[in-house]
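Student: For this one, chain A is given, so just place chain B on it according to the hints.
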Amino acid sequence: MFIAVRDLRFARGRFALLGAVIALMTLMVVLLTGLTAGLGAASVSAVAALPVDDISFQRPTDGQQVSFATSSLPAEAVATVAAQPGATAAWALGASTTRLQADGRSATVALLGGDPALYPALRQGQAPAGAEVALTADLAEAQSVSVGDTVAVGGQHVRVAAVVATTSFNHLPVVYTPISTWQNLARTDTITAVASTRDGEASAATDAAGMTTVSRDEAFTAVGGYASEQGSLNLMRGLLLAVSALVVGAFFTVWTMQRGVDLAVVRALGGSRGYLLRDALAQAGIVLLVGAAVGAGAAAGLGAVAARVVPFVLDASTVGVPLAAMVAVGALGAAFSVRRVSTVDPLTALGAAR
Amino acid sequence: MTLTLTDVRLTYPDGDRRLVALDAVNLRITPGELVAVTGPSGSGKSSLLAVAGALTSPESGTVRIEDADVTALDHKGRDRLRRERIGFVFQQANLLASLSALDQLLLVAHLSGASRRPAEARARQLLDRVELGGKAHKRPHQLSGGERQRVGVARALMGTPALLLVDEPTSALDHDRGEAVVSLLRDIAHEQHVATVMVTHDLHYLHLADRTVAMQDGRLAAG
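For the record, the sequence lines run as chains A and B.
The first sequence begins at 1 in my numbering and counts up one residue at a time.
The second sequence begins at 1 in my numbering and counts up one residue at a time.
By construction, these hints were calculated from the structure, which means they are not laboratory data.
Just so we're clear, the structure is a prediction, and the values are computed from it rather than from any experiment.
Using N, Cα and C, we set each Cβ at its ideal position, and we do this for glycine too.
Where hints are given, some of them may not hold.
Unchecked claim - What the simulated footprint calls covered on chain A by chain B, stretch by stretch (three residues with Cβ under 8 angstroms from a Cβ of chain B suffice, anywhere in the stretch; the number is not a length):
1. 3-15
2. 168-177
3. 339-350
For reference, chain A alone in the conformation it holds in the complex (with noise of 0.2 angstroms):
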């Protein structure tokens, strides 16, 4: 690195730029990293939340997808899923959106109906049964309502017996309940979808019964707006890594062609092709780094300010994966301009010689 990092110092203002590009880059997709997976749990975490192996939907027309919206089966799904080669557990499932009222206060929900064995962590309080119903902590928070408190859910009133862990659903705050009362609140005898757990492959016999199953992470594309809104959201973060691949690639490329003729003074010096491929390397590499580690560090400290008012997740993953990602695409964009390095002609040093 013995040429690298002189240059460094001696066009520090070019590389600065770079640096603060590649930083910016970095930030940007740090902070839609974050955002995606707030986004994410917000949409799905009481799916993800789910115990459970496999949900299985009515199944949907041709061209469509499973989706908690549209999806309505007879109560007696669940024994067809038990039933099931492998199925070791299945439980009645239902989701609606409706309305919360408590003192004076209203916030739109989304009401799933199940077993209890299938809530998060209870926070306070004992299971529902019956017209009661569990709200989630920051429901409860919200809307001041306490274990033992009675609220109106889609107009009827039942008793808060217990606050769970804090889940989402289609962004809406949850209110979990058995599905019996679910059943009642929704005003249906039908039921959702059914949630499954086995003990080897799945099967696929429930397609026959009008059912088509899926693995819990898979259900997430059933909740409304999910797979557009991660797909839209990836392919911003797709973008911006190709064009930070692009736009270092460029940069070296023109610094590459801008030395030239220092280039085949070192090969003309005795320098190999691969010290001079090594050297061009750890520069861009020393480059990415630090601009890279500085963005994510800029992301993390606006994450998390945004994470008080935004769906944002700042973690290890949302961090340090783009980070890599960004220094790994950015390597690959280097690596692909600077590989000419290995193709100057030390005959160029000579200037007249042909």
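Tutor: Just chain B now, with coordinates in the frame of chain A:
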């Protein structure tokens, strides 16, 4: 170290034919001898340096540096030879813009894998020798043309070369500075027994050379 070129021929592609840069060139330069190579532009002077300096391989003929047949070396062998046994002084000095005068010399040691401390001592000694000890930390843009060329000479000597190849060292210098540089090259060749080939189109400095040869259309003739 003696440089011997025997029946060397070098051609370059030129459209759909080949341009003859060197044709039946025979030349022998002994240690401590400064040989000036003159000739008009395009006569093959720089091509002679390129072949002698293992920067390119001739189409036919042999180039020997002492007992080693340069034309038989692969590119790694030629890299090593240039690193360890050949010093180049380029036209316009060709110093690396980001390196100080001292670093220009240390780069040569770095490429050879030499230890930093003794290399720095030798580099400072060489800069003193070319009267630039006080400007060791100046970058090329902070030096005059003559100073840059003297740094180039010091850099060429850093690897203790047995063969010094000098390309138009005075092209960017006025007469006094040019004469100072060529005198320095002659003194070094004599003191350190370095076989030195100096390509020049400037006839004012030929009296400083031990011998002059002229080139015309790729052929060599006694000067």
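Student: For every hint, state whether the structure bears it out.
Tutor: Now the hints, each set against the structure:
Given a C-beta distance limit of less than 8 angstroms, the hint that chain B covers the stretch 3-15 of chain A holds, as 6 residues qualify and 3 suffice. Closer than 8 angstroms: that is the beta-carbon criterion, and the stretch 168-177 of chain A has 0 residues meeting it against chain B, so the requirement of 3 is violated. Counting residues of the stretch 339-350 of chain A whose beta carbon lies closer than 8 angstroms to any beta carbon of chain B gives 4, which meets the minimum of three for the stated coverage.
The structure shown violates just one earlier hint, number 2.
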